[in-house]
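*Asks:* The primary structure of each chain is shown beneath.
Number of protein chains: 2
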Amino acid sequence: MKFEVTILGSGSATPTLERNPTSQYIYLNERHFLIDCGEGTQMQLRRNKIKFQKISHIFISHLHGDHYLGLVGLISSFHLLGRKNELHVFGPAPLKDLIFSHLKASKTYLKYPLFVKEVDTNASSILFEDKVVKVSSFPLKHRIPCVGFRVDEKERELNVKKEAIEKYNLGVEQIKLAKEGKDILLNNGQIVSNKLVTSEPPKPRSYSFCSDTMFAPEIVSFIENSTALYHEATFLDGMKQRAKQTFHSTAKQAAEIAKMANVNQLYLGHFSARYKETDLFLEEAKQVFSDTHVVFDNMCFQIV
Amino acid sequence: MKFEVTILGSGSATPTLERNPTSQYIYLNERHFLIDCGEGTQMQLRRNKIKFQKISHIFISHLHGDHYLGLVGLISSFHLLGRKNELHVFGPAPLKDLIFSHLKASKTYLKYPLFVKEVDTNASSILFEDKVVKVSSFPLKHRIPCVGFRVDEKERELNVKKEAIEKYNLGVEQIKLAKEGKDILLNNGQIVSNKLVTSEPPKPRSYSFCSDTMFAPEIVSFIENSTALYHEATFLDGMKQRAKQTFHSTAKQAAEIAKMANVNQLYLGHFSARYKETDLFLEEAKQVFSDTHVVFDNMCFQIV
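For the record, the sequence lines run as chains A and B.
Numbers 101 to 404, taken from this note's numbering, label the letters of the first sequence in order.
Numbers 101 to 404, taken from this note's numbering, label the letters of the second sequence in order.
A couple of the hints might just be wrong.
[Claimed, not checked] Chain B is faced by these chain A residues, among others (derived, beta-carbon under 7 angstroms):
1) E139
2) G140
3) R146
4) V172
5) G173
6) S176
7) S177
8) L180
9) S201
10) S206
11) K207
12) I244
13) P245
14) V320
Worth flagging that the hints you see were computed from the coordinates, not collected in a lab.
Even for Gly, the Cβ is constructed at its ideal location relative to N, Cα and C.
Produce the complete structure using the sequences and hints provided.
*Replies:* So this is what it looks like as structure tokens:
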């Protein structure tokens, strides 16, 4: 099952021609999510040929413009392009007021159901859950209320081996019971141990996203053991004072968080526009956490 | 003196990869204006290498998202990039509330003076005037309150001929009087008629902008004799019923307005995303008004 992240925007507060403001599209087994929605996100969705009407949930980390100013345009375009399916938007207050003030000013009466739910920015909470995935939020430490998100794949059912199905001539009902971990009563009265017909499913994967935050070891408990972690790295460590003042992180600090949280891979983004190259970010972070990558616009990576 | 329009966005409600939502940058003799500011305008300003901190006045025609959703991002970027000079923004209510709600939510305390003035959408009014230029607004006929803008170059002073300056050995004070149309008293007591030393300045130029409007002959008095007119043409005439229902115009209707208003050139834009080509817009409009052009993103044209 594909679990994929597409980087729509990887820049910071002042977008450049190379880096749009923050937005990421998450695909996991027919679930379509957007995390953050900076100005230009709808154009970036088009550029990446993403069928954007399929996006059902949008998660906004905080109300700095570079993380949500593309939201009203996207909501309007959904409407103009004939959307009928529900859209669920999550983000800190007063996101709901901001969205509906725009819609009121433009006299836009949406043809689809829009639900905007304001997120608790002081505690972790589950925002969405179904049989495949769970999305939760947790507090980050930024200049204004801000949350990170964690997308967890659920434990999958046991895998029933093909050769066992053939050998024991298993029917639909027997396969269902096997997936649930039960031993199987065959048609001839024999009982076959579950272990003989099933194998363990792949380990559930997870992706954590920390949009804007200063170095904050208190977030580690929320993101620990993630398969992949996206963590902002606005500055290099030479500017760690500036990072602290502006409630941002350096590449080194992001790597320290990744190490403490015992994640598999670290992805860095949200680079200040003052840096033209990202080589030094990679170099700095890799000294602390080797499996580090830097993101760029229109890049796509698998969570494996 | 250069009088130039740069098309930053030429599309309509749902932007495409080829056409950003509406925005135009107007340059006239060291005056820098922006008309409308759809999502992505700040990126388009960068793409066109426009020194955007020089923009002093932004005029917003109405509060449909495709005409103003790039404004808060631009205001924030001005701030983040260290702007000190005043910015004046004009547009229909509740533009001021919308802007300040965003700034409040992001706790952005601007380092430069921002003045937002709400425009009367029922009558014409002068929004800005100095010795070079006058910008006025006038009501359009759209689904929500909407205004057009007219940028008028002021009458220039008389041109004092170089050869006359040399022949009569004119000093600074005498040149100043000549520019004002006065006859000149020479140092030898002789009086020289103004007509002998001056020539007429070029005729003042003007640019009118009609963002979103249905066919509305009542706007003609506001735009008449403009050097150039930009008029929306969302549809071709085969869809004139749809145009009427949605308070938009067809290419033919735009051309009829241009003809009635006795303008020199007509520029068409705001094409519905359903049309992939604009040849038919040009063909249709030219049957009524020959000096018609279609605009596209990153195009620039002179008002002459």
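*Asks:* Each hint needs a verdict: does it hold in this structure or not?
*Replies:* So, going through the hints one by one against the coordinates:
no.: 1; hint: E139; in the structure: holds, 4 angstroms
no.: 2; hint: G140; in the structure: holds, 5 angstroms
no.: 3; hint: R146; in the structure: holds, 5 angstroms
no.: 4; hint: V172; in the structure: holds, 6 angstroms
no.: 5; hint: G173; in the structure: holds, 4 angstroms
no.: 6; hint: S176; in the structure: holds, 5 angstroms
no.: 7; hint: S177; in the structure: holds, 5 angstroms
no.: 8; hint: L180; in the structure: holds, 5 angstroms
no.: 9; hint: S201; in the structure: holds, 6 angstroms
no.: 10; hint: S206; in the structure: holds, 5 angstroms
no.: 11; hint: K207; in the structure: holds, 5 angstroms
no.: 12; hint: I244; in the structure: holds, 5 angstroms
no.: 13; hint: P245; in the structure: violated, 10 angstroms
no.: 14; hint: V320; in the structure: violated, 27 angstroms
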